[in-house]
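Below are the chains, spelled out letter by letter.
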Amino acid sequence: MPDTYDLVVLGSGPGGYVAAIRAAQLGLKTAIVERERLGGICLNWGCIPTKALLRTSEIYHYITHADAYGLSVEKPSFDLAKVVDRSRKVAGQLNAGVKGLMKKNKITVVEGVGTLAGKGKLSVKQGDQTVELQARDIIIATGARARDLPFAKADGQRIWTYRDAMVPKEMPSKLLVIGSGAIGVEFASFYNDMGADVTIVEMLDRILPVEDAEVSDFMAKALTKQGIKLLTKASIEKLETTAGGVNAALKTADGKTETAEYSHVIVAIGIVPNTENIGLEELGVQTEKGHIKTDGFGRTGVEGVWAIGDVTGAPWLAHKASHEGVIAAEAIAQARGNKDVHPHPMNKANIPGCTYSRPQVASVGLTEAKAKEAGYALKVGKFPFIGNGKAIALGEAEGFIKTVFDAKTGELLGAHMVGAEVTELIQGYVVARTMETTEAELMETVFAHPTLSEMMHESVLSAYGRALHF
Amino acid sequence: MPIELKMPALSPTMEEGTLAKWLVKEGDSVKSGDLLAEIETDKATMEFEAVDEGTVAKIMVPEGTDGVKVGAVIALIAGEGEDASAAASAPAPTATPAPTGSTAPAVEEKGYGASPKDDPKPGSTDLDSATGSNTARPASAPTASSGTAGDRVKASPLARRIAADKGIELGGVQGSGPGGRIVKADIENAKADAAPAPASAPAEKAGAAAGQAAPTPATPAGGVAPTTETKAVWYDDSIPHEEEKLSNIRKTIARRLTESKQTVPHIYLTVDVRLDALLKLRGDLNKGLTSRGVKLSVNDLLIKALAVALEATPKCNVTFTGDKLIKYGRADISVAVSTPTGLITPIIRDAANISVSKISTQMKELAGRAKDGKLKPEEYQGGTASLSNMGMFGITQFDAVINPPQGMILAVGAGEQRPAVIDGALGVATVMSATGSFDHRAIDGADGAELMKLFKELVESPLGMVA
Numbered sequence: 001m002p003d004t005y006d007l008v009v010l011g012s013g014p015g016g017y018v019a020a021i022r023a024a025q026l027g028l029k030t031a032i033v034e035r036e037r038l039g040g041i042c043l044n045w046g047c048i049p050t051k052a053l054l055r056t057s058e059i060y061h062y063i064t065h066a067d068a069y070g071l072s073v074e075k076p077s078f079d080l081a082k083v084v085d086r087s088r089k090v091a092g093q094l095n096a097g098v099k100g101l102m103k104k105n106k107i108t109v110v111e112g113v114g115t116l117a118g119k120g121k122l123s124v125k126q127g128d129q130t131v132e133l134q135a136r137d138i139i140i141a142t143g144a145r146a147r148d149l150p151f152a153k154a155d156g157q158r159i160w161t162y163r164d165a166m167v168p169k170e171m172p173s174k175l176l177v178i179g180s181g182a183i184g185v186e187f188a189s190f191y192n193d194m195g196a197d198v199t200i201v202e203m204l205d206r207i208l209p210v211e212d213a214e215v216s217d218f219m220a221k222a223l224t225k226q227g228i229k230l231l232t233k234a235s236i237e238k239l240e241t242t243a244g245g246v247n248a249a250l251k252t253a254d255g256k257t258e259t260a261e262y263s264h265v266i267v268a269i270g271i272v273p274n275t276e277n278i279g280l281e282e283l284g285v286q287t288e289k290g291h292i293k294t295d296g297f298g299r300t301g302v303e304g305v306w307a308i309g310d311v312t313g314a315p316w317l318a319h320k321a322s323h324e325g326v327i328a329a330e331a332i333a334q335a336r337g338n339k340d341v342h343p344h345p346m347n348k349a350n351i352p353g354c355t356y357s358r359p360q361v362a363s364v365g366l367t368e369a370k371a372k373e374a375g376y377a378l379k380v381g382k383f384p385f386i387g388n389g390k391a392i393a394l395g396e397a398e399g400f401i402k403t404v405f406d407a408k409t410g411e412l413l414g415a416h417m418v419g420a421e422v423t424e425l426i427q428g429y430v431v432a433r434t435m436e437t438t439e440a441e442l443m444e445t446v447f448a449h450p451t452l453s454e455m456m457h458e459s460v461l462s463a464y465g466r467a468l469h470f
Numbered sequence: 001m002p003i004e005l006k007m008p009a010l011s012p013t014m015e016e017g018t019l020a021k022w023l024v025k026e027g028d029s030v031k032s033g034d035l036l037a038e039i040e041t042d043k044a045t046m047e048f049e050a051v052d053e054g055t056v057a058k059i060m061v062p063e064g065t066d067g068v069k070v071g072a073v074i075a076l077i078a079g080e081g082e083d084a085s086a087a088a089s090a091p092a093p094t095a096t097p098a099p100t101g102s103t104a105p106a107v108e109e110k111g112y113g114a115s116p117k118d119d120p121k122p123g124s125t126d127l128d129s130a131t132g133s134n135t136a137r138p139a140s141a142p143t144a145s146s147g148t149a150g151d152r153v154k155a156s157p158l159a160r161r162i163a164a165d166k167g168i169e170l171g172g173v174q175g176s177g178p179g180g181r182i183v184k185a186d187i188e189n190a191k192a193d194a195a196p197a198p199a200s201a202p203a204e205k206a207g208a209a210a211g212q213a214a215p216t217p218a219t220p221a222g223g224v225a226p227t228t229e230t231k232a233v234w235y236d237d238s239i240p241h242e243e244e245k246l247s248n249i250r251k252t253i254a255r256r257l258t259e260s261k262q263t264v265p266h267i268y269l270t271v272d273v274r275l276d277a278l279l280k281l282r283g284d285l286n287k288g289l290t291s292r293g294v295k296l297s298v299n300d301l302l303i304k305a306l307a308v309a310l311e312a313t314p315k316c317n318v319t320f321t322g323d324k325l326i327k328y329g330r331a332d333i334s335v336a337v338s339t340p341t342g343l344i345t346p347i348i349r350d351a352a353n354i355s356v357s358k359i360s361t362q363m364k365e366l367a368g369r370a371k372d373g374k375l376k377p378e379e380y381q382g383g384t385a386s387l388s389n390m391g392m393f394g395i396t397q398f399d400a401v402i403n404p405p406q407g408m409i410l411a412v413g414a415g416e417q418r419p420a421v422i423d424g425a426l427g428v429a430t431v432m433s434a435t436g437s438f439d440h441r442a443i444d445g446a447d448g449a450e451l452m453k454l455f456k457e458l459v460e461s462p463l464g465m466v467a
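The listed protein sequences correspond, in order, to chains G and E. Residue 470, in this note's numbering, is where the first sequence stops; the numbers in between run on with no holes. Residue 467, in this note's numbering, is where the second sequence stops; the numbers in between run on with no holes.
Hints were generated in silico from the structure; no laboratory data involved. Just so you know, even glycine gets a beta-carbon here, dropped at the ideal spot from N, CA and C. Among the hints, a few may not be true.
As the list claims (entries may be wrong) - 27 Å max Cα-Cα, derived DSSO-like pairs, lysine-lysine: (1) 339/G to 245/E; (2) 184/E to 382/G; (3) 184/E to 287/E; (4) 184/E to 379/G; (5) 372/G to 166/E; (6) 69/E to 58/E; (7) 184/E to 348/G; (8) 339/G to 154/E; (9) 29/G to 153/G; (10) 370/G to 184/E; (11) 225/G to 75/G; (12) 166/E to 408/G; (13) 31/E to 374/E; (14) 287/E to 456/E; (15) 408/G to 372/G; (16) 245/E to 370/G; (17) 293/G to 121/G; (18) 6/E to 348/G; (19) 372/G to 58/E; (20) 29/G to 382/G; (21) 233/G to 82/G; (22) 408/G to 31/E; (23) 25/E to 379/G; (24) 169/G to 125/G; (25) 456/E to 245/E; (26) 374/E to 6/E; (27) 293/G to 370/G; (28) 174/G to 293/G; (29) 287/E to 339/G; (30) 408/G to 69/E; (31) 69/E to 339/G.
Unchecked claim - Some but not every residue of chain E turned toward chain G, in silico, with C-beta under 10 Å: (32) 157; (33) 177; (34) 178; (35) 184.
Just need the whole structure built from these sequences, with the hints factored in.
Below you can see the structure in the form of structure tokens.
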């Protein structure tokens, strides 16, 4: 007799475990299946441990530039093993935290590899044994993994994925980062600040190509100034592991093929959803380019089967997964007769994106170019960090905050930021967008002084020709 | 267990009302039939009678409370032998609004009024179904509810601004956001359906402008700063004045007349009618009716004339619903009556086929109760056409506003002696001007003219209508 639940969640990343908690809060008897570690990539091998590493490189940067603050530090240095160990401990602490949350919410954790085994059924392989679970609803939250180059698989020695790059045994002397999305740029920033010679290759014409063009331009200049080499409109043709490193052949913007030797390579060219071998085809769950197709509530079209997070497509972000998890859990509870929950479908236009490099990048909504493309008449505001007292006091006077408004309605269509701490600032605009405030409410808001947040106010004022401090 | 006294649905479509006055206080014992409270709906004040026996343990909703939802618990009655104070301290039951549709079944009676979906709901001035806003509800939001709660409309600033620009009334829009909040998408979806309200757009704009930090020249010093919460109309605050809260009747009048003038293209047709024959007939009839205590007024005869004319001109006895024309098989005449709280239109049903004396007695009785605010909803809701007579105020001629969903209204002026050509010679006749306002979407000018001609003939040769 299989164990019977109201809901079984397959995968315990930030989508899955949050969905399980919300479901449990709503009184659903819930189990969660995980093949590795609770918390998934995000807190074991992604968001959190990289933030721990980037904190180290940031502090290291300040120490090596202590003079600028009137401090003197003799010959700063670091112990890579300790740096990595701190990052692992942070991940470990959060992993234990998720365990605690599962216990608190009375969610059954089933370790093993889960596979859909027919309607409302899930088999979990635990070594030689198989556990059968039964549930009215199943949420697939299996996430995604790093995409490999077709001609050179990551070997963990010289050619790294994010996962290898997070636990280096030695510092790369000369690092090639393939791909300039958030992950590529974050690792480039970390290793560059730690003293490596870093090159980023990007196929498109600018780095961080999903960001506003002005942000990409600014980041290109800032990273170049820090000593990172940027090769845009360039692609890798061949990677060859040699005795002392990796030989890379790349086609440059002008069509020439150049080769160069690197000690290490990080492949950060995107992700592949984990949709194989979990029994999707048998149940008739539809996929598109490998991603499970869902509606705004996580329904797959197959009764009782839901999907959330990376496995359902872009943006591949933990907070998107978590929010989808909450929506799906509430939609399930509602479908089972709970009248107190009122889930709203995911609005992807209100999902912020953050890159925790130095400087940081954060954005929400439409870029200026995309807004123009969509046919809006725009009012664009921009305020530079150099006009902000707090930024100057922090010694972080580089960066800007850009806001894009619909000239007709005053809707905040998008906000784009680069500079210190902008990953914390963006949330103000996300709230504004979610609540559908117009420029009027943002202008009327009192911002504390002195804060970096004041720039958010100034940027809005600037869009209407009323910036006060620039 | 104390008995929960709930806000009654005093009409089939009532959704909320004002608890105007408590007629009992806590501790009073009541028995079946006792008057408990006066409930004000959009048109009338009605008395609420006790059904059960007991003691008023606790009054949950104080008098003067607006927007009390039908089904909300308004008081607790302790049953016989129950301790009233214990009942009062019992956990307050949650006021659960009755879902529309279950306790408020839509009236589908054919023959008067439009079909329910086209008929503006009288229960609430805010929850206006006349705009067909249900179709504006996005299917993706599974629990959309109205963005209105009492007088407050929950809407995002962006939704407010777009609505103001487009001239969409927020009250008619269904909100899909958290707690029924109206968001941008709702306004965009509503565009196609919602009745435009161009007149209110500038006022909304003024409100939105005041919300900005920008100086607003439209708001001079000393003026009342409009809020974005309500449609702001600027007025000179420096002139001595007093503020009066709008009654539900006033709100309904404002809403319906605005809706009529903005959505119904009116055509006005005026005829001069000689009254001499009718006045004579009235005199003769009244002589014969004295014993029965009936005294016909000119208006009673005009009600009859209009009803007979409508039956003979069915093209004018209609409701235009947008996608179809409802042709009524009976003429129910709504007669405008002025009351201390505002205009109300009690109905003389099937006026073409009842005797003039019956019209007269009905009218006296209805008008009397209308003035006391005691009409029942079914006595003033419906009607196929209206009659408004301002002759007694000395008005010689005027154009009335159609009372939707009706297709026409007749405005009657004072009968007065005017020079007239009588049998080829100049003489003096008693003449009144009557103007019909017709919904030109449904009624062509020629058809309206036919009705007016017939009305004139009936009044001038009145035996035709009493026969």
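Hints and how they fare:
no. : hint           : in the structure
1   : 339/G to 245/E : violated (37 Å)
2   : 184/E to 382/G : holds (25 Å)
3   : 184/E to 287/E : violated (67 Å)
4   : 184/E to 379/G : holds (19 Å)
5   : 372/G to 166/E : holds (22 Å)
6   : 69/E to 58/E   : holds (18 Å)
7   : 184/E to 348/G : holds (15 Å)
8   : 339/G to 154/E : holds (21 Å)
9   : 29/G to 153/G  : violated (42 Å)
10  : 370/G to 184/E : holds (20 Å)
11  : 225/G to 75/G  : holds (23 Å)
12  : 166/E to 408/G : holds (12 Å)
13  : 31/E to 374/E  : holds (22 Å)
14  : 287/E to 456/E : holds (25 Å)
15  : 408/G to 372/G : holds (13 Å)
16  : 245/E to 370/G : violated (49 Å)
17  : 293/G to 121/G : holds (20 Å)
18  : 6/E to 348/G   : violated (44 Å)
19  : 372/G to 58/E  : violated (62 Å)
20  : 29/G to 382/G  : violated (50 Å)
21  : 233/G to 82/G  : violated (37 Å)
22  : 408/G to 31/E  : violated (62 Å)
23  : 25/E to 379/G  : violated (61 Å)
24  : 169/G to 125/G : violated (33 Å)
25  : 456/E to 245/E : violated (43 Å)
26  : 374/E to 6/E   : holds (21 Å)
27  : 293/G to 370/G : holds (25 Å)
28  : 174/G to 293/G : violated (41 Å)
29  : 287/E to 339/G : violated (68 Å)
30  : 408/G to 69/E  : violated (38 Å)
31  : 69/E to 339/G  : holds (19 Å)
32  : 157            : holds (5 Å)
33  : 177            : holds (7 Å)
34  : 178            : holds (7 Å)
35  : 184            : holds (6 Å)
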